[in-house]
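A.B. asks: Read off the chains here:
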Amino acid sequence: MTHVLEISGLLKTFGGLTATDHVSLTVDTGEIHALIGPNGAGKSTLINQICGEITPNAGQIHLAGRDITRLPPADRVALGLGRTFQITSLLDDMTVRENLGLAVQAREGGNFRIFDRAAKRAEIWDEVATILKDSALGDRADVTVADLAHGEKKQLELAMALSQRPRLLLLDEPMAGLGHVESQQMIEALLAARGECAMLLVEHDMEAVFALADRISVLVYGRIIAAGNADDIRANPTVREAYLGEEEA
Amino acid sequence: MILLFEQLLNGLQYGVTLFLLAAGLTLIFGIMGVINLAHGAFYMVGAFAGAWVSIQTGSFWGGLLAGLAASAIVGIVVELGVMRRLYARDHLDQVLATFALILIFNQSTVLIFGRQPLFTSLPEVFSGSIEIIPGLPYPTFRLFVIAVGLAVAVGLYLLINKTRIGMLVRAGASNRQMVRALGVNIQGLYTAIFGLGALLAGLAGVMASPIVSVQVGMGDEIILATFVVVVIGGVGSVKGAFVAGIVLGMCDTMLRAFLPGLLQQAMPGPEAQALGVGISSMGIYLMMALVLLVRPRGLFAAQG
Amino acid sequence: MKRLLTSASVLVALAVPSFAEGTKIGVITTLSGPAGYLGEQIRNGLKLGLDATGAAYELVVEDDGRDPNTGVQIADRMLNEEGITLLTGIVFSNVSGAVVPEVTDAGAIYVSPNAAPSGLAGAKCHPNYFVVSWQNDSLHEASGAAAKKLGYTTAVALAPNYQAGKDAIAGFTREFGGEVTEIYTGVEQSDFASEMAQIRDKAAQVVFQFHPGGQGIAFLKQYQQAGLLGSIPMVLSEPSYDSVILKAVGPAAVGLTGTTHWNADFDNAASKAMVAAWAAAFPETPLTTYAQQAYDTGLLIGGALNTAGGEDVAALQAAMKAADFASTRGNFAFGANQHPVQDWYLTAIEADSAGNPVIVTKEKIIEAAGDVYAADCKM
Amino acid sequence: MKREHIILAAVFVVLALVPFAAELTGQASWTRLVGQALIYGMAAASLNFILGYGGMVSFGHAAFFGIGGYVVGIMYHHFDAGTAFLGLIPGTDQMLITLPAAILIAGLAAALVGAMSLRTGGVQFIMITLAFAQMFFFLFISLKTYGGEDGIMVRRTNSLPGLNMRDKATLYWVVLGLAAAYYLFLRRLVQSSFGQIIAGIRQNERRMAAMGISTYRYKLYAFVLSGMGAGLAGALMVNFLRFASPDMMHWSRSGELMIMVILGGVGTLAGPFIGAGVLFTLETTLARYTEHWMLPVGIILLLVVMTSKGGLMALLRRLGGKG
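Residue numbers (our numbering), protein chains in the order written: chain A, 1 to 249; chain B, 250 to 553; chain C, 554 to 932; chain D, 933 to 1255.
Bound conformation, chain A alone:
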C-alpha cells in the first residue's frame, strides 16, 4: 500500500544548528500519527517543511506517492495537504461565516472571476451552512473573528482546514492554550473527522495524544528516537528519560 505521507531523510540546518536531522516517517490512510517532543525539538520546522514554507537541505517528501519536496505551498494544498497553525492564523476582520466561505471558495475555484458576486455563489454558502450546522460554531457564525474566544478560533481553524477536504491534515498543536472543556471538544471534533482524512498531529497534551493517536513518533534534537503505539511509547525507557521523565518531574 502507499502511504499518504512519506518523509525520508529530511535534513534542515540553520547556520550551525540542525533542526531536523535526517527525519523519516510515514502516515497511512485513515491514520492519526502523533509527533511529540520537547520544545525546540524541531517539530515546527518539520511541519513547515511539509507545508513548503521551509525548503529542506536534503531528503524527500512524498504526498500520496508524489514527490512534493520542491513544490510551492499552494500546489501542495491542491494535492490534498491541509494544515492548522500553532498560533491561530485567520482572517481577523471577517466573520466566522466569511472565513469558512473563503476556505470553501478557495477549494471550489473560480477565484479569478471578477464580475460575479461571491455572496451569491450558492454552492459555497450551502456548504458553509452545513459545516456550521455540524460544528460548535453554529451560533457564532456572524461574529467577527477578532471577537472570538481562543477555543473558538481553534475550532474555526480546524473547520476551515477540513473544508478543504484534505487527504492529510497537519495539526500544529491544536490543544495549545485550551482549557479542559475546550480540549475535550477539540478531541471530539478530531475523532469525528478521523474518517475524512489522515492526520499528522503535533501536540504537547499527552492526554490528547494518547486518546487520538494510532502511532506516535518522538522527536528530540531533530531526531526520531522512538516510534510505536501508545503502549510502546509509554514503556520506552529512552523516551521516559529524554522526554516523559522531564514532564513528570
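Keep in mind that the hints were calculated from the coordinates and are not lab data. Just so you know, even glycine gets a beta-carbon here, dropped at the ideal spot from N, CA and C. Possibly wrong hints are sitting among the right ones.
Computed list of lysine-lysine pairs in BS3-like fashion (alpha-carbon distance at most 27 Å, straight line) [unchecked claim]:
#  : chain 1 : residue 1 : chain 2 : residue 2
1  : D       : K934      : A       : K120
2  : D       : K1100     : C       : K577
3  : D       : K1076     : C       : K931
4  : C       : K677      : D       : K1076
5  : C       : K677      : C       : K931
6  : A       : K133      : A       : K120
7  : C       : K874      : C       : K931
8  : C       : K917      : C       : K702
9  : C       : K825      : C       : K800
10 : C       : K874      : C       : K825
11 : C       : K677      : C       : K874
12 : D       : K1100     : C       : K677
13 : C       : K701      : C       : K915
14 : C       : K825      : C       : K917
Away from chain B, derived, C-beta distances all over 12 Å, residues of chain C [claimed, not checked]:
#  : residue
15 : A875
16 : A889
17 : T914
Here the structure of chain A is known, so what remains is to put chains B, C and D in place on it, guided by the hints.
C.D. replies: Frame of chain A; chains B, C and D shown alone:
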C-alpha cells in the same frame, strides 16, 4: 587613469553625503518603524541655518554649529509634536503626515528666507585644492567632506557597538518589542534617535551648502536617493547604509562619467549621449531593483 | 483689411468707456519650488513696467508650481470665469506649451515674458501670441556666435538632459561652427564633480553650459572649486548667469563671459528708469533679465491698453503688433511670428569694488536678429 | 443597501448638473475642476484597489497613469504628423481606439512591473515600485520624438462618433460617465470571487497560501487590473488637458495619488474620489488666495491625519451615524 581616480573620489564624496542622510533615516525607520518622507527637510534646515549664520557672522564654523543645532532642534520638535502620536498608526498615516510636513517646511522656509538661493562661501582653510597625485588638483573642501563622513561612520560604529545606548539601538532595530520589554525609557530613546538622525541630515546639509545651491526644496531632490540607499543597505542597518551609500555614490558617479562615452564608441552621435545620461539617471533605481530581486530585504537587513 | 478691422475696433473702443478699476491681467507664473524666484522676478518686473505706462490695470497672479496641469487649470478659470482676455507670466516652456494654445483657442491674448518654445514659433504661430523675451534658441545661438567671435574652435557644451537643454546645445553648436563635445547632465542633478573632471580631461578651449536657477549656482561654485575658473574660459547664455545666480555664487563668477539681450548698464532712458524703479521698490533683490523682460512686457501691454483704451481683444492685438514702445533693450521689433527681432551683446563678469561679481557690457555681437522659425509662420 | 443606491444616484445627478450650474452661476471653471477631480479620483481609486483592498502599497502608480496618457498623446502625434508608430502602427484620434489601447498598454506595463516587484513585500515593495516608475519617467524624458520633458501637445480632444467632443460639457459628461462606470466596476470587483481572495490575501497571506491560493498570481492580476484603471484615467486626463508630459509620471504624482487615497479613506469605494476632490479643490482654491498655499494645505493635511483615523470617509461615517 587620473580621471578615473578623480571620479572615484567624487563618488566617495557623494557616497558619504548619502550615508550621512541615510544613517539617520535607517535608524528612524528600523527602530521606530516610521517612514519619514520629511527627512530631507532636516537637510534643508541644516543648509539654510548654516548658510544664514555664516553670512551673518562671516564664519563657516559658526554656520556649521548653527546648522547642527537647528536641525537637531527641529528634529526633536517634530518628534515630540507629531511623530510621537503616529508610532502606533499605520505606515500610510505616517506617509500622509510627513508629506504634510514637507509642504509646511518648504513654505515656511520661503516665508523666512525668501525665494532667492543663499550664498555661502568655503571656509578659508579649505578654499584651495591639493594636488593629491601629480596632475590632479582636488578641492580641499571635498576631501574635508569625505573625512567628516568617514569620521561620522567611525563614531556611529563606536556608538552602536560599544555603548549601552548602542546596544538598545541594535536591539531595537532587530526587534522593536524587545526594547519595550527591557523597561528602558523608550520615549526618551526615540526622541534622541530622531534628534540624532536630524542632526546627521543637518550636517550633510551644512557640508553641501558651499557646493550646491542652498534653495527651497533641495531636500526633496536628495531624499529619493537616500531612501534607495536605506532600502539597498537593509532597513535599520547603519552598516548597510554606509556600504550602500558608498557603493551607490561610486556607481552613480562612474555611470554618469563614463557610460555616455562608452556608448558613443558603440553607437554614433548625440543619441548615445542622451541614452547614456538617461540610463545613468536610472542607474540607482536599476541597482535597487536588481538588489531587491536577489535579496528582497536588502544587503544587511537587521530585521529577521 | 486688417487696417480696416483695426480702425473699426478703435472706434468701438472709443465708444465704450473703459472701466475705472482697470483691465484684469492674468499672470500665471512659477512661485513655488526652487524656481520660485523666477516667478517673483517676473511678477515684480511686470508690475513696475505697467506702472511706468500709467495704464489702469489689475493683476491676478497665480502659482503654476511648474506644473502644466495646474497652468491649464488656472488659465481655464481666468478665461472662462473671470473673463480675463489678456494673460502673461509663464516661466517654463513646458507650461507655456500647454497653456498658450488654451488661451489663443479661447480668443484671448498671451504675451510671453520668458519661455518661447520652438513648437509655438513656427507653423503653429498665432496672431494672439506675442513673445517679448526671445525665442528659446536665440539665447544660445548668441553664445555660439560669441564663442566663435572670441576665436575659439573647440568647446565642451553641457546642459541638462531635457528638451530645453538639448535645444541649448543645438543652438550653441549652430552658430559656433567649431568642434563641440556634448555632455548632458541629470535633470535634478546638483553635484557636478564628475562633469568637472571630464571638462578638465577634454581640455577644450572654451566651456558652454546651460543650467538655469539652482543648478547654475551649483555649477559655477563647483567650477571654481575644481580650479577650472582660471584655466578654461566659459561662455554663458543669460539664464545661466542671472544676477540672482551671481549673488549666490559670489566671487566664483568673476572672469566668465556671457551673452545677453539686455544688461543693467545699458545707456537708454527706459532702462535707466527701470533700474531706478527697481532699486526703489526692491532694494534687497537683484534685478535680473527675467524682471527686465517682464518690465518690457508691462510696457508693451500697458502701452497697448492705453492705445486701445480698454480690453477689446482685436484692438489690443493690433496695438501690440505695432510694438510701439521704448524697450529697455533699445532696438526692438516683432518678426513675422511676433517674436522679437533684437540685438545681442557680449558681456564680461567683473569684480566690483567689494569683490562681488557685476555684469559689464562689452560689445554688440549680433544685430537685429530674429529666429529661424519665423520663416515657417504663415499668419 | 437601498440607502447607498439613493446616495449614489443623487451624487451622480448632482455631478451631471455641474455644467449647467457652472453656466448659471458664471463659475465656468467648475466643469473642468470637477472633471479633473473625477479623473484623479479614478486614478486614486485604481491605486486604492491594490493599496486598500489588496495591501500592496505601490509608490509608482503614476507611471501607469502617465503611460495611459502617452498612448493617447503618441497616437495623436502620429495622427497629426501622418506618420506611423515604429513605422508600423498609424496614429489615430478616435477615442474608441485610444482608450482601449491606453488601458491595454498600461496593463502590460503593470504586468511587467508587478511580475518583478511582487517578489518583495513591505517597504521594499514600496521602493521597488518607485524605482520602476522612475525608470519610466527618465525613459519618457529622453524621448525626443515625443517632446522630451515638454511632452506632446494634443491640439484636439479625441473624437467619439456622434458627439461634439470639443464642447467642454460634452467631454465632461463622457468623463463622468466613465468615472461612474469605473466606480460600479470597482464595486462589483471587490464583491467578486476574485475581490474576496484579494481581501483575504491582504488580511493573512499565509493563511490564503495554506488554503491553496498561489498568492503571487492573484496579486499580480490585481496589480494589472489596477494599472489598467490608472491607464484609463491617464488617457482621459490627456484628452481633458490636451497634452501629455512626463510630469504625469513624476514620483510626486504617485505620492499625490497615495495622499488622495489616504486622505479619503483607505479601502473604501468612495474614499479615493472624495480624497481627490478635496485635495484638488483645496489646492486650487487656496492657490487663488495666497502664493503660499502650500502652508495651509500642509497644515490641514497634518490636522486631518492627527485627529482622525481612516481619513474623511471615517469622518463622514461618524457624522452620518452609521456606515
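A.B. asks: If a hint holds in the structure, say so; if it doesn't, say that too.
C.D. replies: Against the structure, the hints:
Distance check on the hinted pair: K934 of chain D and K120 of chain A sit about 18 Å apart at the alpha-carbon level, within 27 Å; holds. As the CA atoms of K1100 of chain D and K577 of chain C are separated by approximately 24 Å, the hinted pair is consistent with the 27 Å bound. In summary, the hint linking K1076 of chain D to K931 of chain C is supported, as the alpha carbons are separated by about 26 Å, within the 27 Å threshold. With a C-alpha separation of about 19 Å, the suggested pair K677 of chain C and K1076 of chain D falls inside the 27 Å cut-off, and the hint holds.
Restraint check: the Cα-Cα separation between K677 of chain C and K931 of chain C comes to about 9 Å, which is no more than 27 Å; the hinted pair holds. Distance check on the hinted pair: K133 of chain A and K120 of chain A sit about 20 Å apart at the alpha-carbon level, within 27 Å; holds. A C-alpha spacing of about 15 Å is found between K874 of chain C and K931 of chain C, which places the hinted pair at or below 27 Å, so the restraint holds. Taking the CA atoms of K917 of chain C and K702 of chain C, the gap is near 11 Å; set against the 27 Å cutoff, the hint holds.
For the suggested pair K825 of chain C and K800 of chain C, the alpha carbons sit about 21 Å apart, so the restraint of at most 27 Å is met. For the proposed pair K874 of chain C and K825 of chain C, the alpha carbon gap of about 25 Å is at most 27 Å, so the pair holds. A distance of roughly 17 Å separates the Cα atoms of K677 of chain C and K874 of chain C; the hinted pair therefore holds under the 27 Å criterion. As the CA atoms of K1100 of chain D and K677 of chain C are separated by approximately 23 Å, the hinted pair is consistent with the 27 Å bound.
This hinted pair checks out: K701 of chain C and K915 of chain C have alpha carbons roughly 16 Å apart, not beyond 27 Å. Only pairs whose Cα atoms come within 27 Å are accepted, and K825 of chain C paired with K917 of chain C is accepted, the gap being roughly 19 Å. Distance check on A875 of chain C: its Cβ is at least 35 Å (rounded) from any Cβ of chain B, clearing the 12 Å threshold; non-interface status holds. The Cβ of A889 of chain C sits about 30 Å from the closest Cβ of chain B, beyond the 12 Å cut-off, so the non-interface label holds.
The beta carbon of T914 of chain C is kept farther than 12 Å from every beta carbon of chain B, the shortest such distance being approximately 24 Å.
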